[in-house]
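So you can see what is in the structure, the chains are spelled out below.
2 protein chains.
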Amino acid sequence: MRRDELPSPQKTGALKSLTEQEKPVRKHYLLFDSGCVTPWKREDVTGPTMSRPQSPEPALNVQGASSIGPGDEDAADGTQHSHRMLSFSDALLSIIATVMILPVTHTNISPEQEFDKSIQKLLATRIAVYLMTFLIVTVAWAAHTRLFQVVGKIDDTLALLNLACMMTITFLPFTFSLMVTFPDVPLGIFLFCMCVIAIGAVQALIVGYAFHFPHLLNPQIQRSAHRALYKQHILRIILRGPALCFAAAGFSLFFYPASYLLMVTVIFLPYVSKAASWCRGSLVGPREPPAHSLEFFTFDLHGPLSKERVDAFSDGVYAIVATLLILDICEDNVPDPKDVREKFSGSLVAALSESGPRFLAYFGSFATVGLLWFAHHSLFLHVRKATQPMGLLNTLSLAFVGGLPLAYQQTSAFARQPHDELERVRVSCAIIFFASIFQFAIWTTALLQEGETLQPSVRFGGQEHAFMFAKLALYPCASLLAFASTCILTRFSTAIFHLMQIAVPFAFLLLRLLVRLALAILRALPRLALRPAPTPPAPGDPRDDTRSLLHPAPC
Amino acid sequence: MRRDELPSPQKTGALKSLTEQEKPVRKHYLLFDSGCVTPWKREDVTGPTMSRPQSPEPALNVQGASSIGPGDEDAADGTQHSHRMLSFSDALLSIIATVMILPVTHTNISPEQEFDKSIQKLLATRIAVYLMTFLIVTVAWAAHTRLFQVVGKIDDTLALLNLACMMTITFLPFTFSLMVTFPDVPLGIFLFCMCVIAIGAVQALIVGYAFHFPHLLNPQIQRSAHRALYKQHILRIILRGPALCFAAAGFSLFFYPASYLLMVTVIFLPYVSKAASWCRGSLVGPREPPAHSLEFFTFDLHGPLSKERVDAFSDGVYAIVATLLILDICEDNVPDPKDVREKFSGSLVAALSESGPRFLAYFGSFATVGLLWFAHHSLFLHVRKATQPMGLLNTLSLAFVGGLPLAYQQTSAFARQPHDELERVRVSCAIIFFASIFQFAIWTTALLQEGETLQPSVRFGGQEHAFMFAKLALYPCASLLAFASTCILTRFSTAIFHLMQIAVPFAFLLLRLLVRLALAILRALPRLALRPAPTPPAPGDPRDDTRSLLHPAPC
Numbered sequence: 001m002r003r004d005e006l007p008s009p010q011k012t013g014a015l016k017s018l019t020e021q022e023k024p025v026r027k028h029y030l031l032f033d034s035g036c037v038t039p040w041k042r043e044d045v046t047g048p049t050m051s052r053p054q055s056p057e058p059a060l061n062v063q064g065a066s067s068i069g070p071g072d073e074d075a076a077d078g079t080q081h082s083h084r085m086l087s088f089s090d091a092l093l094s095i096i097a098t099v100m101i102l103p104v105t106h107t108n109i110s111p112e113q114e115f116d117k118s119i120q121k122l123l124a125t126r127i128a129v130y131l132m133t134f135l136i137v138t139v140a141w142a143a144h145t146r147l148f149q150v151v152g153k154i155d156d157t158l159a160l161l162n163l164a165c166m167m168t169i170t171f172l173p174f175t176f177s178l179m180v181t182f183p184d185v186p187l188g189i190f191l192f193c194m195c196v197i198a199i200g201a202v203q204a205l206i207v208g209y210a211f212h213f214p215h216l217l218n219p220q221i222q223r224s225a226h227r228a229l230y231k232q233h234i235l236r237i238i239l240r241g242p243a244l245c246f247a248a249a250g251f252s253l254f255f256y257p258a259s260y261l262l263m264v265t266v267i268f269l270p271y272v273s274k275a276a277s278w279c280r281g282s283l284v285g286p287r288e289p290p291a292h293s294l295e296f297f298t299f300d301l302h303g304p305l306s307k308e309r310v311d312a313f314s315d316g317v318y319a320i321v322a323t324l325l326i327l328d329i330c331e332d333n334v335p336d337p338k339d340v341r342e343k344f345s346g347s348l349v350a351a352l353s354e355s356g357p358r359f360l361a362y363f364g365s366f367a368t369v370g371l372l373w374f375a376h377h378s379l380f381l382h383v384r385k386a387t388q389p390m391g392l393l394n395t396l397s398l399a400f401v402g403g404l405p406l407a408y409q410q411t412s413a414f415a416r417q418p419h420d421e422l423e424r425v426r427v428s429c430a431i432i433f434f435a436s437i438f439q440f441a442i443w444t445t446a447l448l449q450e451g452e453t454l455q456p457s458v459r460f461g462g463q464e465h466a467f468m469f470a471k472l473a474l475y476p477c478a479s480l481l482a483f484a485s486t487c488i489l490t491r492f493s494t495a496i497f498h499l500m501q502i503a504v505p506f507a508f509l510l511l512r513l514l515v516r517l518a519l520a521i522l523r524a525l526p527r528l529a530l531r532p533a534p535t536p537p538a539p540g541d542p543r544d545d546t547r548s549l550l551h552p553a554p555c
Numbered sequence: 001m002r003r004d005e006l007p008s009p010q011k012t013g014a015l016k017s018l019t020e021q022e023k024p025v026r027k028h029y030l031l032f033d034s035g036c037v038t039p040w041k042r043e044d045v046t047g048p049t050m051s052r053p054q055s056p057e058p059a060l061n062v063q064g065a066s067s068i069g070p071g072d073e074d075a076a077d078g079t080q081h082s083h084r085m086l087s088f089s090d091a092l093l094s095i096i097a098t099v100m101i102l103p104v105t106h107t108n109i110s111p112e113q114e115f116d117k118s119i120q121k122l123l124a125t126r127i128a129v130y131l132m133t134f135l136i137v138t139v140a141w142a143a144h145t146r147l148f149q150v151v152g153k154i155d156d157t158l159a160l161l162n163l164a165c166m167m168t169i170t171f172l173p174f175t176f177s178l179m180v181t182f183p184d185v186p187l188g189i190f191l192f193c194m195c196v197i198a199i200g201a202v203q204a205l206i207v208g209y210a211f212h213f214p215h216l217l218n219p220q221i222q223r224s225a226h227r228a229l230y231k232q233h234i235l236r237i238i239l240r241g242p243a244l245c246f247a248a249a250g251f252s253l254f255f256y257p258a259s260y261l262l263m264v265t266v267i268f269l270p271y272v273s274k275a276a277s278w279c280r281g282s283l284v285g286p287r288e289p290p291a292h293s294l295e296f297f298t299f300d301l302h303g304p305l306s307k308e309r310v311d312a313f314s315d316g317v318y319a320i321v322a323t324l325l326i327l328d329i330c331e332d333n334v335p336d337p338k339d340v341r342e343k344f345s346g347s348l349v350a351a352l353s354e355s356g357p358r359f360l361a362y363f364g365s366f367a368t369v370g371l372l373w374f375a376h377h378s379l380f381l382h383v384r385k386a387t388q389p390m391g392l393l394n395t396l397s398l399a400f401v402g403g404l405p406l407a408y409q410q411t412s413a414f415a416r417q418p419h420d421e422l423e424r425v426r427v428s429c430a431i432i433f434f435a436s437i438f439q440f441a442i443w444t445t446a447l448l449q450e451g452e453t454l455q456p457s458v459r460f461g462g463q464e465h466a467f468m469f470a471k472l473a474l475y476p477c478a479s480l481l482a483f484a485s486t487c488i489l490t491r492f493s494t495a496i497f498h499l500m501q502i503a504v505p506f507a508f509l510l511l512r513l514l515v516r517l518a519l520a521i522l523r524a525l526p527r528l529a530l531r532p533a534p535t536p537p538a539p540g541d542p543r544d545d546t547r548s549l550l551h552p553a554p555c
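Chains as they are written, first to last, in the UniProt record's numbering: chain A, 1 to 555; chain B, 1 to 555.
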């Protein structure tokens, strides 16, 4: 019912200004375009969920049919588009995912102290807790993504229920690390399982509410004749984890190893099943769903992730990790006036120089994380569809990115403990390598299905392909080179590391130039070998260079 | 030049899949629609900046003319849409804006210790530093917003320059608090001024680069004949602050009070000039720009803010503040196994109960911040254009939101120090009141220009108007009520506060019901007075209730 069409002078004026005004149209969370519809049912798609139906022009619907008019937002039930809420949820979840890096970076490994076994053990435990909680929260985030592919639009109640869902998810890291710190106390396992059950309960509530008011659902499910079947299927997926945790909580009272086994299943089941189906798909070919349940499987809950949510979640993690060290600096490194007077004889410069390495660590950390974000941004700019393996590799890359501040902290402290220097530089190189190689792996995975996942310009032979390759290969190569150099020139490991830190940003800035040079050289070499005295193309015309190299044409 | 039209089988296949595939279209940062074009030049607007030109359908252009085709993203210079980079920047800046709340929440005001003058002074200083850095970073964020209204599209170099800009901005809080801690040491002032100058330098570089490659500019500036004038104007605005800081740095060497005066001017000048022009506008009427420089002023750099950026920045702040206390809990409140054995005789329950108040504080903090986010989200859903005063009020609201974790921390510790209880509850109520009343003020400000700023449904007389009013008035009323109750029932102040904490979320959930009831009552009262024994409308039909109340029709 279009309320703003009621005849009243105020409304008429409002409608006029509606058409005149330029309005930003946001087709942000187009649930169909996020790829959760499998190709053979595409004709069922009538139109995208107009997430911001502010403009009356029907031309804004990509598929033509205008399923939602401008008045929809003003419906009596107050339905709204979900994208801002989902961005907010992604921000919250990215903070929660990275929270357990704080104890790791705050592990006080003072240079004077021996880096002995107990500290190593503590650090290793904390790093393991960080990686596990990162994984767990990412599983919860992925489940949240699926849930809101089912829900097309939201209203106030759903927004509030989502806040409740967020609050339950925020307890995962704490309950997990409690469980790890007290592995044989039932309470630890119990609390973690209660947390998972609470999350499941709220999500089941959300599903129940959405199905109770079908206009809130994803249009494809809404129109389906098997809505009840969908509801059961979705609830089954949502409650699978909590049910296992319920059993685990029960077992914790008398036989807790069984609890751990069940919980490992809960955490790793999504990844294992994804990997298994991917392997099967690669070996056997895409799985043909049984004909009788064709319609049922067209809403593929194991389909690709929503690219916007992958972007938003990744941005959150990059932002937090990039600023992690400045948070500590702002809090701890403003010298105390008393200290300055007594310890440094009133010299503020001396007091600040003492924390000099921390500032250097921050610069390096921000620069590296920022450039890794830049590579991620460049990659996903050209990605159309984020598949499951790409999502997993992205998670792994982000997990290692979280370790960078620690790495830089350690390398900046090396100046006082020369014999650890080599080891710290190597660890830092290793972390940078893994963080960037997983990004490169996303690119490789995308290339395997480049027709679906990538835009034409970056596919093999495409114009931007070489630049993308260079952007994503830069950090892996640089860190590998640095690591190898430290094996040969052990005495200069620090200098090598700093050199890499300074050289890589410049390499990124001059990337296009360097790639063109490299391509020109690669092109000139065979020609030099085949024909004497050729005229190499002028390097000043980048289009000719790239085009002729990538689309070999007779000279 | 449309590279993907080159005749090759690979490309033809690619083009085919381009048209077949559903592609999310994102018209996110439509610079014109963010309102930076003043109305009398609207006919110059030919088309929105197609920030994600992935689909060849020209129908996607709202204004009809397709200024950028699908091949543009594949241009040799690698231009890209800017919205993801701007979202990332907003995430970074929201973290930096709230960073100085950490020392405030970590101020250890142990209940056993007397809340004496020195601690009060320390806390007050830290709160002041937090508020000032919040303000400063928000000024920097607003400047960044303006800068990227000039720049329409970005390329790799601009993305990297933006990262550099972000890094320089991240140093503002530290240098500011250093300056405040050492007010009479020239180095403090000098470092802060250097930071501001560095920001100005990078932004000037960005402007210079963008004007050097005009295709990167906002289309309106791009097509203008007075591009050089624009460039000067923009550079003047960007370098105004740094120039003043340069002078301040100079003065710091021999007469630092002058430095502080200059810096106060830098920080407050934008707000003062905004307020002055708003007052002038309200009193005198909209300012008519001089006819000869009509075209020059049509790109109004003092125009409204981009709503998407306000949303993104606000979401970042809400997310960080909501999770602030769980970060501490995850880091500090996992009991040490040794402590549990020794202090609590192996009872994990007892160990956790000791930090019980911290968990309660987290619940309350998350719930309150989450609900304030919900009110903000509901409001901005219906806001078309965010004006300057609205932006300022939003900043003030966010600044107070940042104070909520501290407030809840303090109230949760009251159990041990009864005589402070009243004061802490009152402070908490005050902070909640101010955080929510500024939100309400945004709404009021928007109502003053409702034709431009709000959608029809929420304007006065609109259908959702009453709900919006209720959502935004709930927290101010509740906190005011709680504050007043503590004056009367001083002994039960804690209970009152907890009651409010529990009641408000339920009130939000049942808001629509309560509003309809209230409206029905309001409607029934005059009718009861005017005519005996009327038949009140059935409360079960919400549409009739609201419609007949808001659009009085003869019964």
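Some hints could be false.
One copy or two, it doesn't matter: identical chains are merged, so the pair holds either way.
Claimed, not checked - Below are the DSS-like pairs computed for lysine-lysine, each with C-alpha atoms no more than 30 Å apart in a straight line:
id, residue 1, residue 2
1, K231, K117
2, K307, K231
3, K338, K117
4, K231, K121
5, K121, K338
6, K231, K338
7, K231, K343
8, K121, K307
9, K343, K117
10, K343, K121
11, K307, K117
12, K338, K307
13, K343, K307
Hints are computed from structural coordinates only; laboratory data are not their basis.
Here's how the hints hold up against the structure:
no.	hint	in the structure
1	K231 to K117	neither (53 Å within a copy, 61 Å between copies)
2	K307 to K231	within (24 Å within a copy, 36 Å between copies)
3	K338 to K117	between (36 Å within a copy, 18 Å between copies)
4	K231 to K121	neither (47 Å within a copy, 58 Å between copies)
5	K121 to K338	between (36 Å within a copy, 16 Å between copies)
6	K231 to K338	neither (65 Å within a copy, 48 Å between copies)
7	K231 to K343	neither (68 Å within a copy, 50 Å between copies)
8	K121 to K307	neither (38 Å within a copy, 49 Å between copies)
9	K343 to K117	between (33 Å within a copy, 26 Å between copies)
10	K343 to K121	between (34 Å within a copy, 24 Å between copies)
11	K307 to K117	neither (43 Å within a copy, 53 Å between copies)
12	K338 to K307	neither (52 Å within a copy, 46 Å between copies)
13	K343 to K307	neither (53 Å within a copy, 50 Å between copies)
Comparing the model with each numbered hint stated earlier shows that hints 1, 4, 6, 7, 8, 11, 12, 13 do not hold.
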